[in-house]
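Once you've looked at the hints, dock chains B and C against the given chain A.
If you read the protein sequences in the order shown, they are chains A, B and C. Under my numbering, the first residue of the first sequence carries the number 1, and numbering increases by one thereafter. Under my numbering, the first residue of the second sequence carries the number 1001, and numbering increases by one thereafter. Under my numbering, the first residue of the third sequence carries the number 2001, and numbering increases by one thereafter.
To be clear, the hints were calculated from the coordinates, so they are not data collected in a lab. Glycine included, each C-beta is placed from N, C-alpha and C at the ideal position. A hint or two may mislead.
[What the hints assert, rightly or not] Derived, one-sided and incomplete: chain B residues facing chain C with beta-carbon distance under 8 angstroms:
hint	residue
1	1201
2	1276
3	1277
4	1279
5	1280
6	1282
7	1283
8	1284
9	1285
10	1286
11	1287
12	1290
13	1299
[As the list claims (entries may be wrong)] When the alpha-carbon atoms are kept at most 27 angstroms apart in a straight line, the in silico DSSO-like pairs for lysine-lysine are as follows:
hint	chain 1	residue 1	chain 2	residue 2
14	B	1380	A	122
15	C	2115	C	2084
16	A	18	B	1201
17	A	219	B	1003
18	A	21	B	1264
19	C	2071	C	2227
20	A	18	C	2084
21	C	2183	C	2128
22	B	1271	A	18
23	B	1264	A	18
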Amino acid sequence: MTRHIRKNEYQHKTRIDKIIKGAFFIVTLFCASIIFFIVLFIFIHGIKPFINQYQIGESWYRVDFWQFMTGTVWFQAPNVYGIGFIIINTLYVVGLALAIAAPVSILTALLVSRIAPSMIGKAITTVIELLAAIPSIIYGLFGMGVVTNFVKSLAKIFHYQSAGGLSTLSTVIVLAIMIIPTITMISITSIKAVKRDVIDASLALGASPTQTNFKVVLKSAQSGIFSGIILGVGRALGEATAVSMVAGNHGSGPTLNLFDTTRTLTSTMLLGLKETTGLDYDIRFSVGIILIGLILGVNFLLNMVKRRLSR
Amino acid sequence: MRKAKDLFLNTITYISSGFGCLILIILLLFIFKNGIRLLDWSLITSDYHQETYQVNITNTKNYHLGDYRNPQMEGVIYSNVWGIGLQDDVDQNNEKIVTIKYLAPLSPFATIAKLEVGYQISKMTMTNETGDYLLALAKSGAEPMIAMLAEATMITDMIATSGGGGIRGSLLTTLYLIVLTLAIALPLGISAAIYLHEFAKQNQFTRIIRMMIDITTGIPSIIFGLVGAIVFIPMMNQTIQSNGGSIASGALTLTIVLLPIIIKTTEESLKVIPDSYRMASLALGASRSQTTFQVILPNAVCGILTATLLSIGRIIGESAALIYAVGTAIKDSVAMNEKSTSLAVHIWSLMSGENPNYELSCAISIIILLIVGIISLGVKVISRNINKMEVK
Amino acid sequence: METIFTISDVNLHYDQNQVLHSIHLTIYKNKITAFIGPSGCGKSTLLRCFNRMNDLIDNCCINGNIEFATKNLNAMNPIELRTKVGMVFQTPNPFPMSIFENVAYGPKCQGVRNKAELNKIVIDSLKKASLYEEVKERLHESALGLSGGQQQRLCIARCIAMSPEVILMDEPTSALDPIATLKIEELITTLKKDFSIIIVTHNMQQAARISDYTAFFLMGEIVEYGKTTDIFKNPQNKKTEDYITGRFG
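Chain A with its partners taken away, still in its complex shape (with noise of 0.2 angstroms):
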């Protein structure tokens, strides 16, 4: 075996090793530096509203931070910004959308794990499988076609007027249908995970099958099933595409009517984007920093409540 090698090879081969593992380990670090960089980015052109002077007709202006983070309307010429009600519609209609889909998901995950004959259960998973490929504009082409008709149907039935179905209700409603799968198909993983002598202890005891799943396995999987529901909350907090095209982008708030039209941080960045320059441009880039520290404050507070629940 030496006779084929060169003297210096395996001092070579080691040399190859090290210049091949400091290479993926600098692309690994560019990849965990990512969302450094996203927020950077963000932070530094977000922060140009506040701070630098933009031209408009004949003056020079700056937006208040103050009256941005609390106001409640989103625009007044030259330079007035209020994102307060926004931020009070984005909580609110996400809090509806999970109010709705949470129950709906943690009992289908319960129906498809523990109580359906089996082809059954595997049935409606591929349909939440199916459910959870859908790309968001397609659920947003559906909530105007379909979700917007059947709100305005369901206002003229309270007599209120709608903007043809545009509403706080239709967004509601296609957030949730959002994120029935995510939370779903997670709880459906936790709820099987449960084990089985924590289940037929309970039997034992004389409990029914049903009170085992509602008391002992919910229970037993609401770790999971709370990790599942962070999920969803996450990704109803970052809908855009299919947010926009249903929410009607009201211009002022906060909407607690359902049926009145709405607007959230994400719909605020996306509609209009055709048209802006300068400070309307930039000022979306605001909106991004309040969203982003939005999702990780509420994922921070939503992981405490996990961590006080399991103790």
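Quick look at chains B and C alone, frame taken from chain A:
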């Protein structure tokens, strides 16, 4: 009492599950009902923008009105005098138009106006022998138009359009995006996954790196779009002479969206490979790199394939990030350093104007859903194969 | 008698745990040396020192001196070392490739490209591992289709293809049935004329059958080391005698 409560709980459980199935069915019905009419080969191959022609046929010396033979095509109303056959039709916006279904080879419409079969006529102004003006509009239909042609001697003004409503440009753009993004993201992601699993020490530093990559998965795609707009668009403007958004900047943006997914999926498949392979290879005197490339990677192919399919699905469905990082201008000729729309952004463009085009959007959605469906099936088949390997 | 390995005062720690205490040992060339002792007493750990596979474990700390043919082990390039000191593992672990590719893997990594030469190496190694007759019709079929005993002989052939000086065997037959075990024991005794073999085994009778020298390990220390016939017929240490006669272990 307990039985009643149990029954109630079970019932609402079944109803909740039915909700999901109901939504899927309604959604699919909506998309298919609205989109199926437009779904044919010409949708995929034609341009989106229409070509408009404004022509007239007035130089009486150059053409000959006479007895053109009627080809007797069904549904087509024919003018013997001018040698043209017209049919009533609707366009993609569901408005009435008149399509040219037949042109006699020597018809003045073919020789002078240079029109072709398939073109649509919006309006036609004619004069007859006595000098009266006759106006035919598409919305009145083909019959009146042909009737007027019977007495017409000159066509003073005519507007015809061709093509339109096709998605060839967006289809091509989506393809370019997929190829370019994967070409950049796959090597980077696989390298990072290999480093994390094969080379890195499992210490605090590695844990931090993993955590940072994990956080990136939770960021909504619109934020990536913002970053793409302020980082990649100027970068591409400097390097490949683009003006504003481009397919290249879109691909770079999608790369950073996909990296965490590719890294995670590849790492999962690396975990499945038994450690004994590594040990055996190293004990034979192979170097780390040789072990990685000759033993580990070939066995991770399933996982890498899954990562690729998942990425393709994500690229096709991605809208918000591309709206910012590329733009929403629908194009027919597509180039790397120019703006264009992917299929999903095409839908956004169609629906966000004043005249939302449901039919075309649903037709594109059918195509997207078909591709995404095939991809999901593929991922499932591959995971089943991976599980078989684990059992062995 | 020539020496192939000289181990002086080797201590090994995993984190805070000391696994090997003050090991002194001499391994002789072209002999079969067996490490015996109850589980968890450091035999496999010491074996892995000889081809520096312990380097791959994060918290492993080795003190002391190991010399391989008068060269300090730590001064050598580990890749080069492993081409000279091969290893066969407890559970057969052929690569998911063809039989031919498995045996050719090592030489290919060292740069052998000539097809005729690879062919010769593969056939010679399979012959030496007493496997050639059984697989000569299916060299290009998957190695995973072989029985457990055949797979282990394949792993030995793979190792032989590198023409090492030493073959380390970590309980090579503990996962195999008695007939396959017998075949491999026969094989090992024939290998000794070309290679020096160090074998870790749980099976005392195996050690008694095939080895020339035996080291008895207990709790990370070598209690007794000497010619196999001496250890088994006249153990000097009481603990050795207890283990051999089955009073514990």
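Here is what the structure says about each hint:
| no. | hint | verdict |
| --- | --- | --- |
| 1 | 1201 | 6 angstroms, holds |
| 2 | 1276 | 4 angstroms, holds |
| 3 | 1277 | 6 angstroms, holds |
| 4 | 1279 | 6 angstroms, holds |
| 5 | 1280 | 5 angstroms, holds |
| 6 | 1282 | 7 angstroms, holds |
| 7 | 1283 | 4 angstroms, holds |
| 8 | 1284 | 4 angstroms, holds |
| 9 | 1285 | 4 angstroms, holds |
| 10 | 1286 | 4 angstroms, holds |
| 11 | 1287 | 5 angstroms, holds |
| 12 | 1290 | 5 angstroms, holds |
| 13 | 1299 | 7 angstroms, holds |
| 14 | B/1380 to A/122 | 13 angstroms, holds |
| 15 | C/2115 to C/2084 | 23 angstroms, holds |
| 16 | A/18 to B/1201 | 14 angstroms, holds |
| 17 | A/219 to B/1003 | 21 angstroms, holds |
| 18 | A/21 to B/1264 | 19 angstroms, holds |
| 19 | C/2071 to C/2227 | 25 angstroms, holds |
| 20 | A/18 to C/2084 | 22 angstroms, holds |
| 21 | C/2183 to C/2128 | 13 angstroms, holds |
| 22 | B/1271 to A/18 | 23 angstroms, holds |
| 23 | B/1264 to A/18 | 24 angstroms, holds |
Consistency note: the structure conflicts with none of the earlier hints.
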